[in-house]
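K.L.:
In case you want the letters, here they are:
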Amino acid sequence: MSKNNIDAYRRKFLVGTGVAAAAVTVAPGLLLRQAQAKPADEAVTDKVRWGMLIDIDNLPNGGQGVVDACKKEHGWGNETHSNDKQKTHWVRTVKVTEKLTKHSFQLPVMCQHCETAPCADVCPTGASFKRADGIVLVDKHICIGCRYCMMACPYKARSLVHEAIYDQKPDSPRGKGTVESCTMCVHRVDEGKQPACVESSGGAIVFGDLNDENSEISKVLKEKGGKQIRADLGLNTGVRYQGI
Amino acid sequence: MSSNSKVSYSEVKNNGIGFYGLLGIFGLFLLAGVVAFFTMEHNGHHISGMDNQIVWGLPHIFAIFLIVAASGALNIGSIGTVFGKKAYQPLGRLSGLLAISLLVGGLLILLLDLGRIDHVIMMIKGFHLNFKSIFAWNMILYGGFIALVGLYLWAMMDRSKTAKKLYKPIGISAFTWRLILTTGTGSIFGFLVARQFYDAAIMAPLFIVLSFSVGMAIFIMVLMSAYKWTNRELGDFVLNKLRYVLAVFILGVLLLEVTRQLTNIYATEHHGVEAFILKGGNIYSTLFWYGFILIGTVIPVFLIFCKKLKNNRMALYLAAALTTIGGFCLVYVIVIGGQAYPLVLFPNAEVTSVYADGVINSYSPSKWEVMLGLFGVALTLAMVTVGVKALKFMPVSLADSVVDPHS
Ligand code: SF4
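First to last, the protein sequences are chains L and Z.
At position 107 of the first sequence the residue is numbered 107 (my numbering), and the sequence of numbers has no breaks.
At position 270 of the second sequence the residue is numbered 270 (my numbering), and the sequence of numbers has no breaks.
Watch out, some of these pointers could steer you wrong.
In silico contact screen, one side only, chain Z against chain L (beta carbon under 8 Å); selected entries [to be verified]: (1) G44; (2) H45; (3) M139; (4) F346; (5) E350; (6) V351.
Because the hints were derived from the structure by calculation, they are not lab data.
By construction, the Cβ of each residue, glycine as well, lies at the ideal position given by its N, Cα and C atoms.
Chain L with its partners taken away, still in its complex shape (with noise of 0.2 Å):
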């Protein structure tokens, strides 16, 4: 990865693009919910708490599509050198079946986004860290690769980088033996966008802020809940699921 584009990338979310969680008027009916671009010297702050409400029933083709918009937007899992067992994946489609039961569904998995987030708490350098608004990040400038971080992550969601990579996008730099992971596309919601798989759901997922309890996620998942994986583990995750 090129000095520069981490630099850039820095910038960008440590120096204070920020985004605050000034609500916008949605359309009644419609699954989303615009977060207004806030002037780059606005810091990020914690009145906010982005998340996600994924509603697996509705989602086309077992998530697979969430995978492919990921992908396409921050070029990952495009390594040559790596075998199947070291590419990255910054998002999977799982299927489970219970066993006794045998009722199967299938869910995308992706970094959760934790509140109290096992992989920050173990980095030696801090490199791994949670944003004020609750998005989970790794500052690839001083990962030093050790990959704890992995070792912590109950779901998987981490991947170190195995070898050099070219082409990367200018939005998303990515680093021969640093971790990396999904960054809930905080370059386009330090924009007022949605992450690219939230646009390319079809609205079976709502992003959105938690902690804002008129904003549409808030208000689908009090009436509806939404479970997390691994609730047990008291992460209190920023992804939730319907229909698992």
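Since the structure of chain L is already known, use the hints to place chain Z with the ligand on it.
P.N.:
Only chain Z with the ligand this time, still in chain L's reference frame:
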């Protein structure tokens, strides 16, 4: 009182082919490790056997093993200083040297395996340390260990009054520090709540007793080899002391490991991983039962307690070697076995994906990882070899007439 008054120390005088030949062999391994590092650094980790399922591999096993052994090797000195056992005091210097060397060997492996070693410089410059991270704490603990053991060596070796006065307090601090250090190393795993095999507070005490046994075993081998090769006298008095302490430590590891596995068995959610490790019919169950239990515990204990083998040096050396192998097997089972068993996303369900969800992961290290691991071992041994040649670490004689207070 730094040591028995009868004991005198000297540098190793041998300048023969033996000495340089030994260094030459270590040098080859060191070179191989450097080649492995640059190759991996240049190509990325895809040339290694590690992947995004088994993220820590052979280098980590070697590193953890050496670091754990480091704190254990210091015990021999501590028994003399902290617990005032005179018989151990002449061994204190060598024990300190070995401890520092093991730690440096282990740490360098860890460092050379990093994905971005260049970022470590950034980390130090910018003081990017996350104090919530046990890993960050360990870095401080390791640095402090090297400094304290350095001081401890000085207190043992310097003739000044200050050194003599500080000998005991420094020895106690070094001993306390090493206990914290091993707790820290064990806690690296204890903090991994998501991994079924690690999630236990007993990990830390287990690592402490493991450090006792492998540290003692490695010390015995180094001591016996060094005295043999330098034609210095080493009596049965010292060896028999070490022999029985080793046995106690081996049984201590067994006790804690059995306790850990039993508590795991009682926790329902850990049944799967326990069965996998203990009776999975895989490499981990083989390493556990044959490597750790049989080779690393039962046989050494037999070799130590068998009446016919009393004062038999071959038997003691073998017991120490097997204990070392057994300890290594246990660390292998913990590090790799714990990762090979898939993460449980949904209890009581089967999961599949294109990304190895729900499958038992396999691991076969590449030659690069082997080279990196052996680099650490070679570095440790080279440091000890150069150390005893340059400074007065070894008593001229450890014959019974010198060290046995009753003779
Ligand atoms: S791999 Fe990078 S992000 Fe992960 S714990 Fe290590 S330094 Fe932190």
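K.L.:
Out of the numbered hints, which ones does the structure contradict?
P.N.:
As far as the earlier hints go, not one is violated by this structure.
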